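Protein chains in written order, with the working numbering: chain F, 1 to 418; chain A, 419 to 670.
Read the hints as simulated data drawn from the structure, not as lab findings.
On a predicted model such as this, the values are computed, not experimentally measured, just so you know.
Mixed in with the good hints, there may be bad ones.
Calculated pairs, PhoX-like style, for lysine-lysine (alpha carbon to alpha carbon, straight line, at most 20 Å) [as the list claims (entries may be wrong)]: (1) A:Lys-605 with A:Lys-595; (2) A:Lys-536 with F:Lys-31; (3) F:Lys-353 with A:Lys-632; (4) F:Lys-353 with A:Lys-521; (5) A:Lys-533 with F:Lys-363; (6) A:Lys-619 with F:Lys-31; (7) F:Lys-363 with A:Lys-536; (8) A:Lys-632 with A:Lys-656; (9) F:Lys-381 with F:Lys-363; (10) F:Lys-81 with A:Lys-636.
Computed beta-carbon distance windows for the label pairs [claimed, not checked]: (11) F:Thr-132 with A:Gln-587: 12 to 22 Å; (12) A:Leu-482 with F:Gly-355: 21 to 31 Å; (13) F:Lys-213 with A:Ile-588: 49 to 59 Å; (14) F:Gln-281 with A:Lys-664: 31 to 41 Å.
By construction, the Cβ of each residue, glycine as well, lies at the ideal position given by its N, Cα and C atoms.
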Amino acid sequence: MEVLEKLAILADSAKYDVSCSSSGSSRPGEKNALGSASLPGICHSFSDDGRCISLLKILYTNKCIYDCGYCINRSSNDELKRVEFTPDELVDLMIQFYRRNYIEGLFLSSGVVRNPNYTMEQLIEVVKRLRTVERFNGYIHLKGIPGADAKLIEEAGKYVDRISINIELPTTKSLRLLAPEKSRIDMINPMMQIKEGIEEYRSDKGRFKNAQKFVPAGQTTQLIVGASPEADYNILRIAESFYKKMDLKRVYYSSYIPVGNVPSCQPYGEMSLMREHRIYQADWLLRFYGFRAGEILTEEDPFLEMMIDPKCQWALRNMQYFPIEINRADLMTLLRIPGIGNVTARRILASRKFGPLDFDALKRMGVVLKRAKYFITCRGKMMTAADQNPFLIRQLLADVSPQISLFEIYPNQFGVSS
Amino acid sequence: MKDYLYDGSFEGALTGIYQMFNDRVKAGEARLVWAATYQRDCFTKVTEVETDPSKAEKVTRWLLEEFGEIGFRRAAYAYLSDDDQYGTYLFCFLKKMNRLGEKGLDFFADQDINKVYKIYNRVCRESHLLLGLIRFMELENGILYATFEPTANILTLLTGHFKERLSNQIWVIHDTKRKIAAFYDGKEVYIRPLDELEDLKLSGSEKAYQDMWKTYFKRIAIERRNNPRQQMHMMPKKYWKFLVEKPQEKTK
Numbered sequence: 001m002e003v004l005e006k007l008a009i010l011a012d013s014a015k016y017d018v019s020c021s022s023s024g025s026s027r028p029g030e031k032n033a034l035g036s037a038s039l040p041g042i043c044h045s046f047s048d049d050g051r052c053i054s055l056l057k058i059l060y061t062n063k064c065i066y067d068c069g070y071c072i073n074r075s076s077n078d079e080l081k082r083v084e085f086t087p088d089e090l091v092d093l094m095i096q097f098y099r100r101n102y103i104e105g106l107f108l109s110s111g112v113v114r115n116p117n118y119t120m121e122q123l124i125e126v127v128k129r130l131r132t133v134e135r136f137n138g139y140i141h142l143k144g145i146p147g148a149d150a151k152l153i154e155e156a157g158k159y160v161d162r163i164s165i166n167i168e169l170p171t172t173k174s175l176r177l178l179a180p181e182k183s184r185i186d187m188i189n190p191m192m193q194i195k196e197g198i199e200e201y202r203s204d205k206g207r208f209k210n211a212q213k214f215v216p217a218g219q220t221t222q223l224i225v226g227a228s229p230e231a232d233y234n235i236l237r238i239a240e241s242f243y244k245k246m247d248l249k250r251v252y253y254s255s256y257i258p259v260g261n262v263p264s265c266q267p268y269g270e271m272s273l274m275r276e277h278r279i280y281q282a283d284w285l286l287r288f289y290g291f292r293a294g295e296i297l298t299e300e301d302p303f304l305e306m307m308i309d310p311k312c313q314w315a316l317r318n319m320q321y322f323p324i325e326i327n328r329a330d331l332m333t334l335l336r337i338p339g340i341g342n343v344t345a346r347r348i349l350a351s352r353k354f355g356p357l358d359f360d361a362l363k364r365m366g367v368v369l370k371r372a373k374y375f376i377t378c379r380g381k382m383m384t385a386a387d388q389n390p391f392l393i394r395q396l397l398a399d400v401s402p403q404i405s406l407f408e409i410y411p412n413q414f415g416v417s418s
Numbered sequence: 419m420k421d422y423l424y425d426g427s428f429e430g431a432l433t434g435i436y437q438m439f440n441d442r443v444k445a446g447e448a449r450l451v452w453a454a455t456y457q458r459d460c461f462t463k464v465t466e467v468e469t470d471p472s473k474a475e476k477v478t479r480w481l482l483e484e485f486g487e488i489g490f491r492r493a494a495y496a497y498l499s500d501d502d503q504y505g506t507y508l509f510c511f512l513k514k515m516n517r518l519g520e521k522g523l524d525f526f527a528d529q530d531i532n533k534v535y536k537i538y539n540r541v542c543r544e545s546h547l548l549l550g551l552i553r554f555m556e557l558e559n560g561i562l563y564a565t566f567e568p569t570a571n572i573l574t575l576l577t578g579h580f581k582e583r584l585s586n587q588i589w590v591i592h593d594t595k596r597k598i599a600a601f602y603d604g605k606e607v608y609i610r611p612l613d614e615l616e617d618l619k620l621s622g623s624e625k626a627y628q629d630m631w632k633t634y635f636k637r638i639a640i641e642r643r644n645n646p647r648q649q650m651h652m653m654p655k656k657y658w659k660f661l662v663e664k665p666q667e668k669t670k
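Construct all of the structure, not just a fragment, from the sequences and the given hints.
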């Protein structure tokens, strides 16, 4: 079979994986070798769904012994043509795409063929060959296969920039239901192992010049939203604890897209891109804005609103903290204001050393006054004689961007099922 | 009102700055504009700036000493934007900076400082985007060749990255709008004028890899999440001409 056909099939099989980030690793170029990695990452194209293409995101094979309901490559899917690369084919494809600047590196995953160890060995064979034979020095992100030996994870960690092991579903219960052959412990153990490996590498790096690299760009994970009944609150709590306990770089969320008819795996609740988007916004609040999951949502009120973003939701519930005086608030307080992000907050701190700021200055610096104006004062004055009634502000802040239709936000209410 | 005319080069702009500071011009009193596109009227006093490398050198040293590497980079990258107001913006920026010193770089609330920062930022963003969007094709002789037409004159900002990344390759990046190219021979990068090339002979396998990339590009998108708006927002249409993959083109 031609490589072109394999590429088409295995890209198709890989596309539901969310991550494509190439950030977090800095590999200076080496003399007479191919490749480098840039710390902030580089996008090379944007596919028709608007997602960034940075890495060659591909499966080694879509042959899989498991039968996970949410996955297109499940063993019971008879419509799928099953193919497998050889390491040679994949290595050649990588190098040739990379030379032409199509991609930033490789994101290699795989169906589980024969058993987890065998699969992991195949993946290692590819990345090892890239690094040692081809002397490829670009970015490599490898999917860890749950259930593979700790030794294999350790081996892989030497060659790659990032490893991710998907936790797939928010709770063990859902996992048992939808992916009965996978076990939570087989995911958690290697994640712990990788975390410890990274810590060791970081401390060695400070002491020895030639410390053996180990997953320098850190580890991430992914879970599917909307294939199981968990609320946004539970999802955020899980993400929060993974950030804390596993020191993850990112948790990726993927809105469930039904792939074929699996009775046990029907979309649950609001299955929309908007929900995914709101969860990402809340995730950002956890990582960069000093929020705790319990502040964003509660057990009694466990779903994010679709019409306004999570930070506005929080602010409207906590009007007692507002308005905040821009010329006096500290960083963490500024970050609580809707319409002010990390970059603008820092600019405000730097700029106000030269004198008090007014609304024009805020606008120039990138504050989104459309949202911020209800929550701030400049030298004691508000921008508009706005009513501080949260109910009214909520109406004014509602997201009415033309790309989001009401049908998409409330598919159930409109009886739209896709 | 007074207008200073310069030849459009970076040295010319810096010479203009030298002269304007020497003439003790106040911000808002004068402009520093391109001579080539200047339209004269009878009310404005015009001074023609004669580009002088030694004066430009003095200004460069002043920028580096007073405002550091970052300050110099703001002024220099903003120049690459080809913005026709650049000279005047630079003058107002430096008038302010002269008063505030290096710390003034953080004064984002200030109009003059913010203006140059924004232009600088635009150039940085385009150059970062194009690090990804440049597409090389392999010629018969193994040389990698890429064409592009950036809005800002960023060719020089890309070469360091590709020198590091493709250090064991031989490559050419060609700005066909400005008719200049960066050549890398495996050791050094040279920037030279270059007219559009015709009849390029591609290597035997080039088409096959291009086809594979096009196929991959189509297949990696999730059809049910189609979002051309987002795609165009992240990757403006003006760059599509130079991509191997053509977004929104229907293929099997």
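Return the numbers of the hints above that this structure violates; sort them in rising order.
Hints 1, 2, 3, 6, 13 not satisfied by this model.
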